[in-house]
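Asker: Residue numbers (my numbering), protein chains in the order written: chain A, 13 to 131; chain B, 10 to 122.
It should be emphasised that the hints constitute simulated quantities derived from the structure, not laboratory data.
Incorrect hints may have been included.
[What the hints assert, rightly or not] Below, a list of computed lysine-lysine pairs in the BS3-like style, where the Cα atoms sit at most 27 angstroms apart:
(1) B/Lys11 x A/Lys77
(2) B/Lys51 x A/Lys69
(3) B/Lys51 x A/Lys30
(4) A/Lys83 x B/Lys109
(5) B/Lys11 x B/Lys79
(6) A/Lys77 x A/Lys29
(7) A/Lys30 x A/Lys77
(8) B/Lys51 x A/Lys83
(9) B/Lys79 x A/Lys77
(10) A/Lys69 x B/Lys109
(11) B/Lys51 x A/Lys77
(12) B/Lys11 x A/Lys69
(13) B/Lys11 x B/Lys65
(14) B/Lys109 x A/Lys81
(15) B/Lys65 x B/Lys51
[Claimed, not checked] Short, incomplete list of chain A residues facing chain B, as computed with Cβ under 10 angstroms:
(16) Tyr60
(17) Thr67
(18) Pro73
(19) Pro87
(20) Ala117
(21) Gly125
Where a beta carbon is used, it is the ideal one built from N, C-alpha and C, also for glycine.
Residue strings, one per chain:
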Amino acid sequence: EAQVTQNPRYLITVTGKKLTVTCSQNMNHEYMSWYRQDPGLGLRQIYYSMNVEVTDKGDVPEGYKVSRKEKRNFPLILESPSPNQTSLYFCASRHLVVGIGGSGANVLTFGAGSRLTVL
Amino acid sequence: QKEVEQDPGPLSVPEGAIVSLNCTYSNSAFQYFMWYRQYSRKGPELLMYTYSSGNKEDGRFTAQVDKSSKYISLFIRDSQPSDSATYLCAMSGGYSSASKIIFGSGTRLSIRP
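All chains should be modelled from the sequences, with the hints used to inform the complete structure.
Answerer: Below is the structure:
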């Protein structure tokens, strides 16, 4: 089954304790990204990667790091978590669906989400 | 002002009703429009996508784009309790790898049996 798997699904931690959220996809997609979802703010992109060893900042990268050493994995690292990073996090991979006459879309496949609480 | 505005709801309608969900946007460069559905405790999943203006139908769902008004809609006919979810609109200016996808904040929909 084509899927994006992220772990852990739920995590409670304390300020300053480093943590990593793992993400893995089995669809051989080049593009992967991380989002956070907060009430009233919707999905905001944290970091994205267009291919192995190529990463770039999204809209809200402060306090986060990523790495892309192999195509299938894209971990999100919080070096020193703070309470304002309490959120619901989604990893996604992306591929292009091309239709007729120029139609199409970049389709995002999301993981099930990781709910992080920083005390 | 946000690039994409979406009424957060919640919207509650009886089973069988026609539902209309809407987004407005400010960036005239957007050409690709998508609707994602997100069930509770799940990640968003793509429901429909359209290109430029016009309508697209898929079963009980119809996506409509009016670029002149910068307004997109998703209609659900014969709504079912299983349609209860949060619906997010999304849009981009192109479909290259570099194209950024902007999401609305989502509308929470509840279908009452």
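Asker: Which of the numbered hints above does this structure break?
Answerer: Those not satisfied are hints 9, 17, 18 and 19.
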